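Q: Just so you know, the protein sequences line up as chains A and B, in that order.
Counting from 1, one number per residue, gives the positions in the first sequence under the working numbering.
Counting from 1001, one number per residue, gives the positions in the second sequence under the working numbering.
These are calculated hints, taken from the structure and not from any lab test.
No experiment lies behind these values; they were computed from the predicted model shown.
Some hints could be false.
The calculated lysine to any residue pairs, modelled on SDA-like cross-linking and capped at a C-alpha distance of 25 Å, are [unchecked claim]:
id, chain 1, residue 1, chain 2, residue 2
1, B, LYS1009, A, ILE151
2, B, LYS1052, B, GLY1090
3, B, LYS1074, B, ASP1058
4, B, LYS1074, A, ARG167
5, B, LYS1385, A, ASP15
6, B, LYS1052, A, GLY159
7, B, LYS1052, A, GLY14
8, B, LYS1052, A, GLY103
9, B, LYS1385, A, TYR40
10, B, LYS1231, B, LEU1272
11, B, LYS1160, B, ASN1262
12, B, LYS1074, A, SER31
13, B, LYS1074, A, ARG38
14, B, LYS1385, A, LEU153
15, B, LYS1385, A, ARG172
16, B, LYS1385, A, GLY14
17, B, LYS1385, A, ALA50
18, B, LYS1160, B, GLY1149
19, B, LYS1052, A, ARG167
20, B, LYS1009, A, ARG167
21, B, LYS1385, A, SER51
22, B, LYS1385, A, PRO47
23, B, LYS1074, A, LEU32
24, B, LYS1385, A, GLY103
One-sided excerpt, in silico: chain B residues whose CB lies under 7 Å from chain A [what the hints assert, rightly or not]:
id, residue
25, ALA1013
26, VAL1026
27, GLY1050
28, GLN1077
29, GLY1114
30, SER1122
31, MET1147
32, TRP1152
33, ASP1187
34, LYS1222
35, CYS1363
No residue lacks a Cβ here, since even glycine has one placed at the ideal position from N, Cα and C.
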Amino acid sequence: MTALRIEGRARIFGDGINTDYIITSRRKRESLDPQILRQYLFEEVDPAFASSIQAGDLIVAGKNFGCGSAMEVAVTAVLGAGIRAVIARSFSRTYYRNAINNGLLPVVCDTNQIQGGDQIAIHSTDQQEAGMQVINLSTGAVIVAEALPQIMLDIFESGGLVPYFRRHGDFRL
Amino acid sequence: MDGKTISEKILSAKAGVDVRAGDLVVCRVDCALGTDGSTPMALDYFDAMGGKEVHDPDRLVFALDHYAPAPNAKTAQLHQRMRSFAASHGISLWEAGEGIGHQLIVESGRALPGQLVVGADSHAVTYGALNSFGTGIGSSDLAAIMMCGRMWLRIPQSIKITLTGRLRENVYPKDIALAMIGELGADGAAYQALEFCGTGLESLDLEDRLVLSNLAVEAGGKNGVFPADEKTLSYLQGRTSHSFEPVFPDSGAQYCREVEINLNRLSPQVALPHHVDRVVPLSEAARTPVQMVYLGTCTGGRVQDFHQAHQVLKAGGGVARGVQLVVTPASRTVLETLARDGTLADFISMGAVVVTPGCGSCCGTCGAIPGDGVNVISTANRNFKGRMGNSNSAIYLASPASCAAAAVRGAIADPQEVLSGATR
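One chain only, chain B, in its complex shape:
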């Protein structure tokens, strides 16, 4: 019989049977995340299912991240309910302000090679960077996992994404991801897995890979999984005491499609409003005025993202008049690192609004909301109309460096121009 993809191998192990793309199975879940956006409904469903004891509280974790801190009494009550349930059932809970659940799953070593790690939030695909099968589920699924520790899954076909070469200076992982989404389309990987491979991986650090895995869902992908290598192991060093088994694809594994991306040839990219797959080279959108710049989210809110943005902002002499710069670290650990190394102080002196670590403005549930007619450029993952809480604003998606260049110029610009001191 033919070889298996990474996804087929992980899910075969979790189902306890040898399965291939198209098979339907029930899998044991290694870890499930519930957020304040999805857990309250899951708790209703758990009660309605007749749930009394949670199946395995060690495999569950809750994050108060979508409403951090709670912007109104209703969401504050949702938080109270989650705190109380977590305490009485022995489930770990990340408080409002600790950060985005996906980032915390990764930082705390809860997503390991070969594991099935799910989150009741679409960006659970992020965990694929660690050679886990990471995918988004709903509140019903979370309730079922609380009942029995398992979930139903259709084994996906896989698209092989081969990365070759190396990124040029001032081109970033977000540019790879946007180019990939532009190529595949917003539904190009629907019901399918993305499996990354190729010599280009050698130059991508774990934080780089998280960006690619995170954005897999914007092409409809069920996951975005990387093989494990030295970088994976070194990231996990000191984060976990659990043993794990890295999973590699078999030779002869079957792929439904193969896409090659040569990193040498990439230039900065931007997704235009209001579709994630409306991707063009940034030069085509250059000089579009922006009034708000958003640095943050589970896509672009990690330490290196802020360092890349900071470098451009420093080189460009700070934020242009008329631009609001909003900074939302993905976690408290990220915030503390930026505070220690001086980056945060620089952002503050440049006039940035610093928002509590969490999902922040990304989905318009708390944080800074753009006004009517405002163009936003953001390190986030979605630019749907109204996504940030106002359907009369427009959202452009780009790398942290490109967002910073726009903050400097007050208009979309290539970060290379700002870094090299080119005049406008």
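Bound conformation, chain A alone:
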């Protein structure tokens, strides 16, 4: 595992944000291009969100983030907006999978200690067993996050399943 550090501003969402809230199915009908879909990100729950995104923002949410449909544009539209990680108390399994498979970092930890606008750093060392830490730079709080298992880490570090397969042509386990 190579050391990792992602830093950005926290954008807060609550529990049960489903994939239709991230990007609605009817937008997907018009285009699959992340650069187009990013304009409609979270429009059902926060219509002002899309226009206020700054590159490097991080999504911080409650439990069951990405529940509902398995549609992968709910991940690629987030990446298209320049967001590199989602921190949540829990994820739906399909969102978690799709995130890893596209190189979006899903971080599972207690998110109660993070407020909107806080500056957050996600940090891991090259010791996999040490797991990941989420550091709230605005308050100094250090939150322990779940470590990624090896194969997920390999896929994530490759940048997703496409570059992983381009390199290896198959799964290596």
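Following the hints, complete the assembly by docking chain B onto the known chain A.
A: Chain B only, in chain A's frame:
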């Protein structure tokens, strides 16, 4: 060592190693479904991965179901691309109008006991009713399966759902599923498998079990698997020529949680807007006005669902003024059966709008869209705000009979009241 759950046994066999909950493995996939909602991106990814030949086209099948028929030029092009790719690679494709991919997987005997059958759509959990490990994947996973026939999986812990007793009259499998989701919560089974067992299974036909498996994902479940029995085997009779090996849990299998549901005690249930786990007894929502009633989807669009709804509609004298009844059979086979037995003609004479078999209005991508301020009661699986294409409408989820009772009354009502001719 301790015994294994059904999920651990199926995935051990598919990984070729003895695994337990928590292990990460790469499994051989027996069959993978791609829909028009997920396949176009998978084709982009397959190309980007350097894909030339599809690994095993016999294990893949595409369904044009989310946009059936294509409502605009963009989606029509997606269909053209899928048709062309499927033809050049020898992949089977179900045309728009043939039905919902999950229903077609089941009807065509492509999900068999002991198999790992996945779909690039969350409701692939439906196949668990056939003693398969059925689960939803994304477009990247589908592309990887096209490359190598395999996928990565974390072996889930299992929640044991024991069903006892027998449903009372006018209480239906959808009511069991809603009660279960209410009990577990929308993330109560996150990353975990649901394994059904108990004496209550004896009274549940395969179509009943499909409803329970289908809704496992609404509690976050990775699958919702049943053991195989006579009903499973008799359903598969004539649908497959492949051999298969039913899988049962070992005694001493480890479960992370056990939930018992006594079917005798269940009453009709309803999920209130806008959360699938906001489940209450239907009586608590009674007399809520509804303007649209939706019968269809991979949850509630099969023959028996329409028969149950039809019985209530007939008893109640048809659809109330001011209510739009939308009927979307889950497959062409379902539609043909309803046409042959007269149910369809009755729906039409009652004023129902009959929509092409497919996902229809469920996810707002085609079919009837509710207007602002409209309350919808639906046999579907999700009631998120905006799910049916308009965030200013509200969706209630219930059994086909309860939906039909609401169509008769113009308001949420217990189907028992309608069937017994009780006055409002």
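Q: Hint by hint, say whether it matches the structure.
A: Here is what the structure says about each hint:
1. Proposed proximity of B/LYS1009 and A/ILE151 is supported: the alpha carbons are some 21 Å apart, at most 25 Å.
2. Taking the CA atoms of B/LYS1052 and B/GLY1090, the gap is near 13 Å; set against the 25 Å cutoff, the hint holds.
3. Restraint check: the Cα-Cα separation between B/LYS1074 and B/ASP1058 comes to about 28 Å, which exceeds 25 Å; the hinted pair is violated.
4. Our distance criterion of 25 Å between C-alpha atoms is broken by B/LYS1074 and A/ARG167, whose separation comes to about 32 Å.
5. Using a Cα cut-off of 25 Å, the hinted pair B/LYS1385 and A/ASP15 holds, with the two alpha carbons roughly 14 Å apart.
6. For the hint pairing B/LYS1052 with A/GLY159, the CA-to-CA distance comes to about 22 Å; that is within 25 Å, so the pair holds.
7. Between B/LYS1052 and A/GLY14, the direct Cα distance comes to roughly 43 Å. Violation of the 25 Å bound is thereby established for this hinted pair.
8. Under the criterion of a C-alpha separation no larger than 25 Å, the hint pairing B/LYS1052 with A/GLY103 is consistent with the structure, at around 24 Å.
9. Restraint check for B/LYS1385 and A/TYR40: satisfied, since their Cα atoms lie roughly 15 Å apart, inside the 25 Å limit.
10. A hinted pair counts as satisfied when its Cα atoms are at most 25 Å apart, and B/LYS1231 with B/LEU1272 does not qualify at roughly 33 Å.
11. With a C-alpha separation of about 14 Å, the suggested pair B/LYS1160 and B/ASN1262 falls inside the 25 Å cut-off, and the hint holds.
12. Between B/LYS1074 and A/SER31, the direct Cα distance comes to roughly 8 Å. Compliance with the 25 Å bound is thereby established for this hinted pair.
13. Taking the CA atoms of B/LYS1074 and A/ARG38, the gap is near 18 Å; set against the 25 Å cutoff, the hint holds.
14. Proposed proximity of B/LYS1385 and A/LEU153 is contradicted: the alpha carbons are some 34 Å apart, above 25 Å.
15. Restraint check: the Cα-Cα separation between B/LYS1385 and A/ARG172 comes to about 41 Å, which exceeds 25 Å; the hinted pair is violated.
16. The straight-line distance between the Cα atoms of B/LYS1385 and A/GLY14 is roughly 15 Å, inside the 25 Å bound, and the hint therefore holds.
17. Our distance criterion of 25 Å between C-alpha atoms is met by B/LYS1385 and A/ALA50, whose separation comes to about 19 Å.
18. Between B/LYS1160 and B/GLY1149 the CA atoms are separated by roughly 30 Å; this puts the pair beyond 25 Å, and the hint is violated.
19. With a CA separation close to 15 Å, the supplied pair B/LYS1052 and A/ARG167 stays within the 25 Å bound.
20. At most 25 Å may separate the alpha-carbon atoms for a hinted pair to count; B/LYS1009 and A/ARG167 exceed this at roughly 32 Å.
21. A distance of roughly 22 Å separates the Cα atoms of B/LYS1385 and A/SER51; the hinted pair therefore holds under the 25 Å criterion.
22. Distance restraint check for B/LYS1385 and A/PRO47: the Cα-Cα separation of roughly 14 Å lies within the 25 Å cut-off, and the hinted pair is therefore satisfied.
23. Distance hint between B/LYS1074 and A/LEU32 is fulfilled; the C-alpha atoms sit about 10 Å from each other, no more than 25 Å.
24. With a CA separation close to 29 Å, the supplied pair B/LYS1385 and A/GLY103 exceeds the 25 Å bound.
25. The closest approach between the C-beta of B/ALA1013 and any C-beta of chain A is roughly 17 Å, which is over the 7 Å cut-off, so the hint fails.
26. Interface hint status for B/VAL1026: upheld, as the beta-carbon distance to the closest one in chain A is roughly 4 Å, under 7 Å.
27. Here the hint on B/GLY1050 is kept, as its CB sits about 6 Å from the closest CB of chain A, short of 7 Å.
28. Nearest Cβ of chain A to the Cβ of B/GLN1077: about 11 Å, over the 7 Å cut. The hint is violated.
29. A least Cβ separation of about 22 Å between B/GLY1114 and chain A goes past the 7 Å threshold, and the interface hint is therefore violated.
30. About 4 Å separates the beta-carbon of B/SER1122 from the nearest beta-carbon of chain A, less than 7 Å, and the hint is met.
31. With 7 Å as the threshold, the beta carbon of B/MET1147 comes within range of chain A, its nearest partner Cβ sitting at about 6 Å, so the hint holds.
32. Annotation: B/TRP1152 was flagged as interfacial toward chain A, and the flag holds, the nearest CB pair being 5 Å apart, inside 7 Å.
33. A cut of 7 Å between beta carbons decides the hint on B/ASP1187: the least distance to chain A is about 4 Å, and the hint holds.
34. At its closest, the beta carbon of B/LYS1222 sits 6 Å from a beta carbon of chain A; the interface hint therefore holds under the 7 Å criterion.
35. Because the beta carbon of B/CYS1363 sits about 5 Å from the nearest beta carbon in chain A, less than 7 Å, this interface hint is met.
When the structure is compared with the earlier hints, violations turn up for hints 3, 4, 7, 10, 14, 15, 18, 20, 24, 25, 28, 29 and for no others.
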